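First residue of the sequence shown: 1, per the working numbering; consecutive thereafter.
Derived from the structure by calculation, the hints contain no laboratory data.
Simulated restraints on C-beta separations: (1) K179 <-> E8: 40 to 50 Å; (2) M148 <-> N4: 44 to 54 Å; (3) N4 <-> D173: 36 to 46 Å; (4) R123 <-> A204: 27 to 37 Å; (5) E16 <-> P149: 51 to 61 Å.
Quick caveat: nothing in here was measured; it's all calculated off a predicted structure. Backbone N, C-alpha and C define an ideal beta-carbon position, used for all residues, glycine too.
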Amino acid sequence: MELNKRQETILQIVKEQGPITGEAIADQLNLTRATLRPDLAILTMAGYLDARPRVGYFYTGKTGSQLLSDKINKIQVNDHQSIPVVVHESVSVYDAICTMFLEDVGTLFVVDNFSIIVGVLSRKDLLRASIGKQELTSIPVNIIMTRMPNVTYCFKEDLIIDVAKKLIEKQIDALPVVKQTDKGYEVVGRITKTNITKVLVALALDEII
Numbered sequence: 001m002e003l004n005k006r007q008e009t010i011l012q013i014v015k016e017q018g019p020i021t022g023e024a025i026a027d028q029l030n031l032t033r034a035t036l037r038p039d040l041a042i043l044t045m046a047g048y049l050d051a052r053p054r055v056g057y058f059y060t061g062k063t064g065s066q067l068l069s070d071k072i073n074k075i076q077v078n079d080h081q082s083i084p085v086v087v088h089e090s091v092s093v094y095d096a097i098c099t100m101f102l103e104d105v106g107t108l109f110v111v112d113n114f115s116i117i118v119g120v121l122s123r124k125d126l127l128r129a130s131i132g133k134q135e136l137t138s139i140p141v142n143i144i145m146t147r148m149p150n151v152t153y154c155f156k157e158d159l160i161i162d163v164a165k166k167l168i169e170k171q172i173d174a175l176p177v178v179k180q181t182d183k184g185y186e187v188v189g190r191i192t193k194t195n196i197t198k199v200l201v202a203l204a205l206d207e208i209i
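Using the sequences provided together with the hints, build the complete structure.
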């Protein structure tokens with residue numbers, strides 16, 4: 001985040017004199033404690049400063065890049081996941097293509113009668129199946145999908161940075177977000193490259209604290 005002039009001055013005071021109370025900082029700047037409070041709150045929430053009761057504010061010693069790294073390493077899948085787009089394992093390849101087109105997604109999650117994930121369909125899978133003279137309305141998706149346990153998935157408590165690494169490593173566009181049940185892994189969400197791009201934009205605009 002970009003600091004204003006007063007915040008930079010506060011930061012310099014705390015670096016040189018900390019720990020220091022808010023009242024002492026306000027006196028040096030000829031400001032009231034109430035006027036200073038929003039700046040101190042911003043600097044504390046951003047991670048530049050820390051505060052201890054009856055001690056005051058002190059400088060954390062972290063650079064902007066370190067603070068950004070700390071922030072990224074706290075973001076969980078649950079905060080940014082999307083609604084999953086699923087198809088039943090018995091639907092035809094034709095119906096799956098229609099669903100992918102209508103929902104404007106690049107990955108479909110294939111589930112059984114209990115919403116348990118049994119496979120994944122990508123654009124490439126459907127395109128490959130479309131080549132040739134096969135009757136797409138008669139081919140079930142479970143013939144062409146990537147089956148469990150070969151599906152890469154994540155949980156809502158996982159970190160976004162770890163999911164991003166999986167997407168890069170596996171060269172895929174999306175992961176199903178699942179939860180463990182006694183029947184298997186139930187699909188509860190999806191996390192995509194678009195979701196992660198939105199996170200990066202939000203970080204750049206200081207919308208994630």
